[in-house]
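*Asks:* Sequence:
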Amino acid sequence: MTSDNTTLDASAPWLEVDTLIDDPHTRIVVCCGSGGVGKTTTAAALGVRAAERGRKVVVLTIDPARRLAQSMGISELDNVPRQVKGVDESAGGELHAMMLDMKRTFDEIVEGHADADRARAILENPFYQSLSAGFAGTQEYMAMEKLGQLRANDEWDLIIVDTPPSRSALDFLDAPKRLGSFLDGKFIRVLMAPAKVGGRAGMKFLNVGMSMMTGTLSKLMGGQLLRDVQTFVAAMDTMFGGFRTRADATYRLLQAPGTAFLVVAAPERDALREAAYFVERLAAEQMPLAGLVLNRVHGSGAAQLSAERALAAAEALTDRMAEDIHADTHPDTGPHPGADAGTAPDAATAPAADSAAEAAPPPGRAENNLETTGIVDLDGGKAGSRTAGSPSPAAAAEHVTPTSPSAAQLAAGLLRLHAERMQVLARERRTRDRFTALHPEVPVTEVAALPGDVHDLAGLRAIGDRLALNPTATDD
-5 MTSDNTTLDA SAPWLEVDTL IDDPHTRIVV CCGSGGVGKT TTAAALGVRA AERGRKVVVL
55 TIDPARRLAQ SMGISELDNV PRQVKGVDES AGGELHAMML DMKRTFDEIV EGHADADRAR
115 AILENPFYQS LSAGFAGTQE YMAMEKLGQL RANDEWDLII VDTPPSRSAL DFLDAPKRLG
175 SFLDGKFIRV LMAPAKVGGR AGMKFLNVGM SMMTGTLSKL MGGQLLRDVQ TFVAAMDTMF
235 GGFRTRADAT YRLLQAPGTA FLVVAAPERD ALREAAYFVE RLAAEQMPLA GLVLNRVHGS
295 GAAQLSAERA LAAAEALTDR MAEDIHADTH PDTGPHPGAD AGTAPDAATA PAADSAAEAA
355 PPPGRAENNL ETTGIVDLDG GKAGSRTAGS PSPAAAAEHV TPTSPSAAQL AAGLLRLHAE
415 RMQVLARERR TRDRFTALHP EVPVTEVAAL PGDVHDLAGL RAIGDRLALN PTATDD
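Numbered according to this note's numbering, the sequence shown spans residues -5 to 470.
The set of hints was computed from the structure by calculation and includes no laboratory data. Careful, some of the hints might be misleading.
Stated by the list, open to error - Only pairs whose alpha carbons sit at most 30 Å apart, straight line, appear in this in silico DSBU-like list of lysine-lysine:
1. K79 with K50
2. K50 with K97
3. K97 with K79
Claimed, not checked - Using C-beta positions, here's what the derived DEER-type ranges look like:
4. D82 with H107: 39 to 49 Å
5. R421 with E309: 15 to 25 Å
6. D109 with R267: 47 to 57 Å
7. N464 with A277: 33 to 43 Å
8. A277 with A110: 40 to 50 Å
9. P445 with A110: 13 to 23 Å
10. R263 with L411: 22 to 32 Å
11. H107 with A456: 41 to 51 Å
A virtual CB, placed ideally from N, CA and C, is assigned to each residue, including glycine.
Construct the complete structure from the given sequences, taking the supplied hints into account.
*Replies:* What follows is the structure, encoded as structure tokens:
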């Protein structure tokens, strides 16, 4: 294998991607990491590769940018899995893709756990509509709800989850419990109390036990919002226990042996620092980590030429070009043979100089077609109109101003570009080595950076090939 494909040290354990996705016991792969590191592309590439190797796959993305749909040739993704066309199904696999609709998933939970009248009251409640559309942690919670639904259907061999983009990798793990605790917590139980007691007794209970709290909430939330919350809580009464139960079930599913976490990171300090933090958190939560995908790694086909040597060669070429230019512009800088540089011209040469001065055209005589080198046809501008033996304007211009850089200039520029690339490679290696030193047990695979963006199935296949590339392989 050439050096431009991978830079992974032989000492680092290699993440065997094909072994992971081929294993029938692997039922869920969760791609996680900080934002902007390529989680969506990695999840899609894994889905294409697994399907073309015989698995029946569904890829669940939470990325609202719709890049997954575009790369898979689908006009739009929604909350229902849609089959991806163009995938090679000769091995018996299939690929489906979907994009999480957070509100629709929440609606499905309500519709599935409440009778028609109560479900309608909940869905029309203003507080519920705000909660289902944008409450902190709702997106992550609903992603796990959808994952649980897909796994319970047992329709797909492999579910690949592209986790929500977040500022902290911990949001994905904390949000389901956080939302479940909120909906099943003391605050909600307190708001439910008047509805449970009922009538005037309920209002008396609220007024006696919570007058100060209710007054504060009314000021903060507004009286109408507080009433909406209480109505929502009363309608959701029978469902609150289910949120915590499902959150616990989701955690058990994530901890199960059939689940594999892939941490995706770029070879940059901040991304790998967050990846290291996530690795530690997964270990603390006893969740199965498959390894690290180091994405968009740069390489070089001439890695044997160091940055220092390339820069030195570029400087040597630049110095040589400067010397050549000086020699061309000053061909004879010394005194004329047999002449003393400090003496005045002799009498024999003086009349010739005077004659030349007399022959020179006075200022403003250019319109008379006179130049010191001969007569120029100003109307035609043709080189042939000069007196015999005089150089043409085109030849003179070509001699004075080069129209293209020389081979030496191009070589020096390329050497400097190579030096910059080698400096990037060195920085990426140092950053990666710090991660592997902290977590030597974590398998790693590196994905070489592509020259352009991935926008179709061919690009996803190329990413899949790089994901599964064996760094110990050698070229024939």
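*Asks:* Compare the structure with each hint and give your call.
*Replies:* Cross-check of the supplied hints:
no.	hint	in the structure
1	K79 with K50	13 Å, holds
2	K50 with K97	27 Å, holds
3	K97 with K79	28 Å, holds
4	D82 with H107: 39 to 49 Å	41 Å, holds
5	R421 with E309: 15 to 25 Å	22 Å, holds
6	D109 with R267: 47 to 57 Å	50 Å, holds
7	N464 with A277: 33 to 43 Å	26 Å, violated
8	A277 with A110: 40 to 50 Å	46 Å, holds
9	P445 with A110: 13 to 23 Å	56 Å, violated
10	R263 with L411: 22 to 32 Å	24 Å, holds
11	H107 with A456: 41 to 51 Å	44 Å, holds
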